[in-house]
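K.L.:
Please arrange chains B, C and D with the ligands on chain A, whose structure you already have, making use of the hints.
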Amino acid sequence: MTENHVAQPPPAAVSPQTALPVMLEIAEVRRENATAKTLLISLESAEDQPGLILETFTPGQFVMVWVPRMDEKPYALSYLEEGRAGITVHRRGPFSKRLCEMRAGERIGLRGAYGRGFWDVGERAPGASAAIIGGGCGMAVLAPLAERLPEATLVQGARSADGLFFTDRFPGQVIFTDDGSAGRHGLPTEWLVEAVADGAVEAVYTCGPEPMMARVVELCRGAGLPCQASIERYMKCGIGVCGQCDCDGRRVCVEGPVFSGEELARMPSFGRRRRDKTGRQIPVE
Amino acid sequence: MTENHVAQPPPAAVSPQTALPVMLEIAEVRRENATAKTLLISLESAEDQPGLILETFTPGQFVMVWVPRMDEKPYALSYLEEGRAGITVHRRGPFSKRLCEMRAGERIGLRGAYGRGFWDVGERAPGASAAIIGGGCGMAVLAPLAERLPEATLVQGARSADGLFFTDRFPGQVIFTDDGSAGRHGLPTEWLVEAVADGAVEAVYTCGPEPMMARVVELCRGAGLPCQASIERYMKCGIGVCGQCDCDGRRVCVEGPVFSGEELARMPSFGRRRRDKTGRQIPVE
Amino acid sequence: MSTPDATGPNLSVNLCGIKLGNPTVLASGALGMTRALIQRVARSGAGAATIKSVTVRPRQGHNNPTVIAYEAGMLNAVGYSNPGADEAGREFADIDRLSIPVLASVVGEDAGEFAAAAERLMPCGFAGLEIPLSCPHTPGYGTLAGHGTPEATEQITRAVRAVTDRPLFVKLSPNVPGISELALAAIEGGADGICAVNTLGPGMIINVEAREPVLGFKMGGVSGPALRPVAVRCVYDVATALRRHGCEAPIIGIGGISTGRHALEMMMAGASAVGVGTAVYSRGIEVFGKITQELRQLCRRLSINSLDEARGAALQ
Amino acid sequence: MSTPDATGPNLSVNLCGIKLGNPTVLASGALGMTRALIQRVARSGAGAATIKSVTVRPRQGHNNPTVIAYEAGMLNAVGYSNPGADEAGREFADIDRLSIPVLASVVGEDAGEFAAAAERLMPCGFAGLEIPLSCPHTPGYGTLAGHGTPEATEQITRAVRAVTDRPLFVKLSPNVPGISELALAAIEGGADGICAVNTLGPGMIINVEAREPVLGFKMGGVSGPALRPVAVRCVYDVATALRRHGCEAPIIGIGGISTGRHALEMMMAGASAVGVGTAVYSRGIEVFGKITQELRQLCRRLSINSLDEARGAALQ
Ligand SMILES: Cc1cc2nc3c(=O)[nH]c(=O)nc-3n(C[C@H](O)[C@H](O)[C@H](O)COP(=O)(O)OP(=O)(O)OC[C@H]3O[C@@H](n4cnc5c(N)ncnc54)[C@H](O)[C@@H]3O)c2cc1C
Ligand SMILES: Cc1cc2nc3c(=O)[nH]c(=O)nc-3n(C[C@H](O)[C@H](O)[C@H](O)COP(=O)(O)OP(=O)(O)OC[C@H]3O[C@@H](n4cnc5c(N)ncnc54)[C@H](O)[C@@H]3O)c2cc1C
Ligand SMILES: Cc1cc2nc3c(=O)[nH]c(=O)nc-3n(C[C@H](O)[C@H](O)[C@H](O)COP(=O)(O)O)c2cc1C
Ligand SMILES: Cc1cc2nc3c(=O)[nH]c(=O)nc-3n(C[C@H](O)[C@H](O)[C@H](O)COP(=O)(O)O)c2cc1C
Ligand code: FES
Ligand code: FES
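Protein chains in written order, with this note's numbering: chain A, 1 to 285; chain B, 286 to 570; chain C, 571 to 886; chain D, 887 to 1202.
Just chain A, same shape as in the assembly (with noise of 0.2 Å):
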């Protein structure tokens, strides 16, 4: 198997000719970890304010939040349901700690989703023998796609118990911790070793911190297998304008955030190098 039946990624949705946030209510907040909250987001004002493109959503792609007076920042889609459309926030910095303290009731904006999700899932990739691979809050971006993907394998990896996302969500997955407190003991990418071992899975869908995405890219290169990861880099436009997103002359925001695993080879710095708010390169981790 070749990683041909994925080499040929479909162009980004066309962008509209409006970006701009539109006003939406939370109607609900979960917390899911000791660290992460999902903010449940009523969509029914979002007619009145057109401007969301959110029929074409595939998974993995990502809305530009704003919280007025603060920022406005990429998050992935985390739900996407009748009326609702969720964002999962690991507190991490200000502006998702902030997020992380919305109340149900509060307003925040969104606009997009923007920019390429997973392909070719469901249709000519394998089910059953693929394989979700999810470190932190990369959970976050991959939960519309194993929801998508039920047959699949979906491995996460975190710290610790209280870091994991999504156990009630998708009870059958396959849980590692760093410090054993949960599931089994160690990184979700000796799994992939494993797997990769017995020949058991087929294609590769990945989110998580970069040295871990950086490591599945390379296994998945060794076995032949086709792979996808999503990966994050600090975003201005959120539309392929602002050249900030730049990883190896590819716009994450709209050329991303999901790329193959041959694309990623051909880009140095992945796994190593991003960019801060100012464009200057520093190392990744």
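Hints in this document: simulated from the structure, not taken from any laboratory. Since no wrong hints were added, every one of them can be taken at face value.
Below 25 Å or equal to it, Euclidean Cα-Cα: the simulated DSS-like pairs (lysine-lysine) are: (1) D:905 / D:1176; (2) D:1104 / A:277; (3) C:589 / C:860; (4) B:382 / B:322; (5) C:788 / B:562; (6) A:97 / D:1104.
All figures in this text were calculated on a predicted structure; none of them were measured in a lab.
P.N.:
For chains B, C and D with the ligands alone, kept in the frame of chain A given last:
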């Protein structure tokens, strides 16, 4: 029969958001009579410069004709054939003189067609029993209508034989001249008086000098006949925004130039007052 | 007319004593050439209307094309064609018999002409008066005549103030480095309120086949969607400056308004009412009723009970 | 690259010795943050590219949203975020190895900073240099720092001229009463050419639900379709003024260009080449090849054999 069957005119075609002249080549120039010429304009390059709205053309609609470095004025489309549109220009002042001097191969700018043309034509309006009454250059406005209503009686009036239009194009027409140099001696309104008396006409369409049209409208009103007339007012924008073409609160460029006899009866300026380029009211004729 | 809709938010506006049933105002130059068209605008639901600007003597204006539309807005260089103040005085005689308040608009080459035109027109019964110091495409007038400086603004305003007691609005240009200074100069000269803004630019559209600018005057002021964000910023700047000076003069926000949402946006930037010109083209003469209806629904959804709550809501 | 297409019009351009295969130039601020993206722009068919403006020291810029798009154009207030001249010098080292000429863009708070940034960057091998004196939304820079006066323009240009022999372009603002004076001041200061224009306004878009301007900096420069007619008129004004002074300095016309027709229009107004920014959003990164292809077809249809025939064709 009441005027009701023409009393609900359709709204003017929705304006497109651009109103810019499209430069087109004059394919052929025809002399129509001593003072008028027809410019047949090739629509070939109209595809490269979108903007014209000709698919929905109805007889009576007009285009704004631009001569760069000079001016832009309204002219009815007197022809619309496969790949060509025509305007028929009567030499009056400097602008129409310049148009009459144009040669094949030269280019002029067109935007439109604009306005509300004749309506209910060929569907609910009677065919054989309709009369089309033109005076002078009004024939240019009526010609495409006469083509769509081949059964109708076409009556043309002119000062003298050398002012007649389209005698070959409409061989069956009834001709009147003021001086008797061709056809019947007198005014086309005389024909209408007789026809009304004979009960031989059920609907009237007219365009010509405003006093003539006023007489036609009055006759139809007296006889309870439905009637439509196309009127001229000084135009600037042609798209309903500047107010220059006002006739008693109706914008002739979008709500006209064709009005029903009922409407005209409620327009006291009809046949009496128009406005010059400054907006000042001046008498008609 | 100024009674609040029992079932909805109160959309009425009081502009220095001029009472509007809703905040939409016909902007000067669109339709306002004749009394009959202003009457139609009233019937289509406008809260008030402004006549097309009038000069002392008749003017032919520029040659056509004088108004063109491109995908992002409109360009016009009408060149102040008008029949002169005497004829306009006849056209608009007893204008206070209309169902909505009507504002006069007068221009001149100098302060004396402004005042003379105002003096001739005001006895018609206009509810108020607007003086545009900001036309970007008519030689002898507006910014082409230097009317857009603080000094000229104050001087012309003062001259017109001397001939009328009615509410006086000064209409400013967006094409200046500091619009707030101009607003303050107008207030200093005696203006009761500010109209912001006139058209942008000027701009030019060239037809490449003809190798020639399309407008008869080659360039013209830009209005419509292209202008809207600049107009909103201008109103925001003017409102901020007036507040800082403790001045409560109302602002009529003009530029690209075509929906209820746009109107509310303009009011949140500090406007008390909104002017509507180009949208007569894009949405028809019924645009005033449409905007008002949309505004009513939007206010209901956002629990805004009166426009006072919205005005300036986005100011710091 | 600069060889004319045998079967078509000659689209090559010579900008003060900088040779472009076609007149499309990536405008500063779009994509030009990294060498890799400039390389992609080259592959997508641009005739030349400009890097995003660089300051001596690193800058974080404004908070997001920094770039928004509405129906008639784009607003941005990025705020000159950049890694500083030293880091940019590393990013763009040996930039002359790329297949197209690349222009540097530097800004500063004063003439000295402009010169210092230019001195640090030019050894990278840039084909030329642009200095924007015209940003409308970054305190300390551009029009907010008074760089848009004839005096400041001449002074800053002179300071930068002293540190580089490469073709020097001064980028002007459309938000000034007299852009031609600024162009002449730039030439007086030693500029080889003019870039016209930077963004318009600034403008503001308020979200009525949030009661807050959307941009992090509240207001930002307007680009795209909304700007185009103003940009064309600015180029027309500058070209007219330069001609009148017998000056043959080339103009890079920038503002709302997204099709071959727009490019030709800008050149007929007097531009030698055209900058493209916002259209990267509306037509994708392939916009440079698309514009060039459309321009080639249009020139063929209009029997224009070389861009020299088109340049300034609409000037009087
Ligand atoms: C395509 C994409 C999808 C994402 N999806 C999620 C998600 O589903 N859940 C989630 O919790 N986070 C997600 N993120 C990360 C998120 O955008 C924020 O970066 C994160 O919440 C930290 O922001 P902060 O301001 O709280 O922390 P800070 O302390 O400001 O930043 C922590 C780190 O986050 C990165 N970062 C900060 N701002 C941005 C930005 N504007 N764009 C990209 N990276 C930035 C920086 O590298 C920084 O070192 C995603 C990022 C991208 C690019
Ligand atoms: C809807 C409409 C359709 C028309 N169709 C035709 C047609 O098919 N053939 C034809 O020969 N003429 C037509 N005209 C008249 C035409 O637009 C010109 O008015 C006419 O050619 C005289 O222009 P001029 O400049 O040569 O003469 P001028 O000496 O300048 O004008 C002669 C008279 O024409 C009228 N006029 C001038 N300019 C305009 C203008 N911009 N808009 C309206 N009226 C104006 C004035 O009342 C003037 O008194 C039409 C006018 C309108 C409003
Ligand atoms: C065709 C046209 C004519 C105008 N004439 C005038 C005028 O005579 N006096 C004036 O003050 N403003 C005039 N304006 C400017 C408008 O009043 C208004 O300030 C501007 O168009 C912005 O509003 P809009 O975007 O709603 O059109 C004119 C605008 C247009 C489009
Ligand atoms: C997101 C963005 C960032 C920009 N950054 C800069 C900049 O750093 N320096 C500069 O001189 N111009 C900058 N500009 C202005 C553009 O170079 C250009 O002058 C303007 O956008 C008009 O061209 P356009 O309509 O093709 O975008 C920026 C424009 C945009 C949209
Ligand atoms: S975030 Fe601006 S190009 Fe990707
Ligand atoms: S010509 Fe302008 S409204 Fe009719």
